[in-house]
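Q: Okay, here's what each chain looks like letter by letter:
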Amino acid sequence: MDVQGRDLSETVWTRLDRKAGAVIELTIRQLRHKISTWVVLALGTILMVLLLAFYIDSIRDGFESIDNDGDSVDQDRDGYPLGQERKYGTSDWNGEEYPGSGTYIYEGEIDWNDENREISGNKTWEGVSLLDATWIDADYKGGQWDYIIDWEDVTDCPDTRGELFVDWIPDFATACQLEDGTYATNGKFNAEGNITVPLDYYLTYGYVTGIFVVPKDPKEMYIDEDDIDWDGSSGSQGMDDDGDCLRTEWFTQLDGSGEFMWWEEPHRPDANGNGIQCDVIWIIDSQTGEVISISADSSVDEDPVDENYAGEASHRTFVIATGKIAFVLLLGLFLPLFLSLGLVRDETERGTLHYLLSKPIHRGEFILYRVLGYLAVVSVFVLVLSLVMGLITSVIGPGESLIRVGDLPVWLGIAIATILVLAAYGSLFNTIGLLLPKYGVYLCIVIGVWEFAMGFTTLISPSSSIATLSVSHWGLQLIDSIVMVSWPDTLQFSQMSSAFGLQTGLEWIWSPPVHTLNSSNAYLGILTSVIMLIGVSVSMIGIGSAVFSKREIM
Amino acid sequence: MTPELDISGGTTRMESAFGSGDGDDEAKASVAKKAEVKGSIYEQTYRPWRGSLGPRWVRNYAIFRHHVYGLFSSKGHRYYHPIVRLTILIVFLFSLSPVAMLFLASLGGQGGFGEILSRMWGINRYNLWGQVLGFFPRNLCMWPLLTALVVGGMISDDRRNGTSAIYFSRPVNRIDYTAMKYLSSAVVLGFVIVFSYMVYYTSAIVLNGEGWAFLIDTFPIFMGGLLAGILLVLTYTSIGLALSSISQSRFFAAVAFLAVIYGTKMVAFLIESTFESSILYLLSPYDGLAHIGQWLVGIESNYDYPLAFSIVSILLINSLSLALLTSRVSSLEVTRE
Amino acid sequence: MTAKAPAVMIESASKWYGEVIGLNDVSLAIDGGVTGVLGPNGAGKSTLFKLLLGRLKPSQGSVRLFGTDPWESTSPFRRVGYVSETEPLYEWMTGLDFLMTMARLHGMTRDEARERAEHVLEFVGLSDVRHKEVGKYSKGMRQRVKIAHALVHDPDLIILDEPLHGCDPLARTSIMSVIRELGNRGKTVIVSSHILEEIERITEQIVILHNGRLLALGNLHAIRGLLDKHPHRILLETESPRDLAKELITRKPIYGVRFPEDGFLEIQTGDLSAAHEILPSAIIESGIRVTAVENPDDNLDSLLGYLVGGG
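Chains as they are written, first to last, in the working numbering: chain A, 1 to 554; chain B, 1 to 337; chain C, 1 to 311.
Quick caveat, the hints were computed from the structure, so don't treat them as lab data. Wrong hints could be hidden among the right ones.
Claimed, not checked - With a Cα cut of at most 25 Å, we get these calculated DSS-like pairs of lysine-lysine:
1. A:K438 - C:K57
2. C:K132 - A:K34
3. A:K123 - A:K87
4. A:K550 - C:K57
5. A:K550 - A:K438
Using the sequences provided together with the hints, build the complete structure.
A: So, in structure tokens, the structure goes:
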């Protein structure tokens, strides 16, 4: 063939190299001259800045201690937190019942029929009365429905409502003060003084025995009070530090945000069924020392010190969620949609393709170089973004060391996973643009929606089998695998989160990779995902090249 | 310039003309002159139209019709790509899937499978809400795709091809143009989203043989859902048309629309799941609409901020989009850009 | 084989697009010098070039560039430069950038590319604007930068598709001189046009295509000689065509008159040169005002008409 020595090149390879460089450089410069490139990259950056802002904000607040088991609240306002009441077996529903509250003994009553409607003494009263008190127990408090008067909330009786006890009485569980300093009551209280029961009303009285003083525990005692007790070895571990595991009666439970909810699960002190009550079974991989599973009895180690667990787990949740949602799903899908479809198609439409095709470059190579050029732009962008994110979060993230070195491989892995996804989508969209110059754009939009939906499905349910028909699924799998390799103890954090009911979000954003050929080996997960992603890229470039090199270009 | 050329007279004249700088464009011009003479024939046949202009609404209706009829027939109407038509059809059929289920249920008769089906797919607040505002699959896969495909090229095509001149060279002003584009997009979307919703409701009544009491019970809920559906159509149309008006490629507009809907939703989802702060849902058009819709049909809200925030957010999104749209349309060149 | 293979070798090549025939059984070999490819729009010029550039596959026959099938291999493009008729360029690139990129696509290193690009820009007379964006170039400059891009790798075969289309006379002249200069340097240059005069000023070696068929091939003089034996028409615009006709019909080379339109006289002659010689004196003698003289036949269409045999 052509053997005219032009002394331009030494070997085929250097020449190929030069042409590749030229096409790639041209592609990069073309992308640089498109406004949409900059818009898309700017939006990607804004997205990351937004995430960082939220991250920094949450770091500044610190990882505040969370009452994971919800026993620090005082629902009945008797001053004893739920945890303390549970220890003494009293109810957190009933303000009269608290540790050391004693037993109420009925003494007598003034009812509708009684002639004598006056009585004096130091007793516990319950009913509608006019009270001329010398002493009132202001500490005696109860819940909303306990009929106990809150003496800190007493107002003056209104004189506009007519005659007291005839036209009106105080509201349920309240009292009001008359002008002469006496009180009109409708509720339960401890007081010493003269009591007058109005006609047609009813009052009982009595006293409480067996009172002993139990110091009220501060709420903080019941936050982070049941740390995870684990010596790092396998077997039955755990210690019910707060002693609520064997407690028989459960009344209330509060969820993490402090809202009241009914306790629905039965109390099972031997939930893991190993015959030992109130323990935690840890199963450790004897080779690697990694936690394989954790199985805890109810209420054991359920309120650990959040700084040690939630802080670290939340940080990881952030990193993984950012990697999966922001990088793979959003950047990974939308950058190619905006940038790669037109790689060859735009040239055809604009009419500049012949400049490139009348050169001694095989059309297949040409496609490859175009995709590489696009990939160079987006890869640098993704690498820089992930590096910046990684540096900032690893400096300000939890932990004693100045910089969390262990984070950097994860961020790098996220960048690589994103780049692989970008390559797969890039070659896919480019090929579609080539194969179907007219229909391609519509098909790309449909594929974009499909990929997004499948990515979303994978987030919710990683083992979904239909999602394997999408690129985003494999990208997310790859991040799962990379996290497992770089932070082997994520599994442990995830297990802890679900075993001890910690609210870190880790257990839903991350789960061990599914496609490991049943080996649970994260490296195999990486391998399968990478093969799938590269496979899509290569096959798409191959199809594109094959079709394009046999295409007649009018 | 080659003197030995066999120069005959005409060529010489052209040569000299060419040399003097007139170029042989001039020589061609004499041919064109002939055409000019012929041009007078055209002048004779040209008879200006002296009729009276139809009222404004008739002209506007013509624009509207042009866009909407295009869905069914491209002859003389706006061209909708076959894939767009196919997608609209698929989305429409899919959004009618509850009707099919109800039909199956009505075949199943009393008890057993039929009853389970009719209970699952029958009319209730959640189903009515979900018919237009459910995230999966309707707002994840169907409505955004539909909007992206329908609205993407509405204005960007005109910008790309300069076809807006077809309107502006006629007694159609930019407000008419924008309003009719908006209306026709909204009607196409509404045909799929709102109409399927209405079909669902009516067919549920017919297939289940419901009585007046049921109608009285559910009609307010239905109206709430209908309002929510219309609001959804309007909001999606606003955003889509605004994006279409800033770009020259329908593809860019379509992908940008998907990016807006999905991006805001996913970022808000990310922030909420990681930082337990749901405030970013205010940026997400879908979530604003879902929140308002929950209020309209009277189901419990799963957003922990006040409804007013969502209403303000949706109003802002709409007004920003409309402002962008009007400013872009008013600066739309009559020539090809 | 390779050294001797002609730059362009087309053997009974046909190309049809479905029912439409683009090129019909064309055989031709071109090597060295400037060759003009003439033909009206739709004659098959672009199809021919697209076949040469491997953008289309011949439906029948074979196309060889330097002995290699351009559809199968891109290697002959190393020696081919192509100037398309389409306008678009990479508007945002400077002239030098554009040429360097194109040179590098041919496998040159950056330094070689710069050297060649500077050289070629000098050659087409654009070196003073080489740092300006191509988007800011005038039409002639754009055309020249396109030609420069085709020359940057010093090709042996240069294909120019309508290089003069839409250029002002100044640009035409300079582009024509560039093309002639290339021919003088021993390159094989193929120029297409649908305007005979353009080609006439560049070269005498022409190929005429019409309706996808090869109509004529060879020296322009020979073809023109052929042309002179055919009847010619001269159109005169005058106030009183019939009086003028009376006057002219008596002169020798004129054997017929026609009145195509009001105020026009068409005379028919067998010898165009002779007719033009006697025409001025005859008109002056008649004393009738003649406002314009036109040669409706002196264009490609009529030339083609003769060649096709219509008249």
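Q: Next step is simple, just say for each hint if it's right about the structure.
A: So, going through the hints one by one against the coordinates:
{"no.": "1", "hint": "A:K438 - C:K57", "verdict": "holds (22 Å)"}
{"no.": "2", "hint": "C:K132 - A:K34", "verdict": "holds (19 Å)"}
{"no.": "3", "hint": "A:K123 - A:K87", "verdict": "violated (28 Å)"}
{"no.": "4", "hint": "A:K550 - C:K57", "verdict": "holds (9 Å)"}
{"no.": "5", "hint": "A:K550 - A:K438", "verdict": "holds (18 Å)"}
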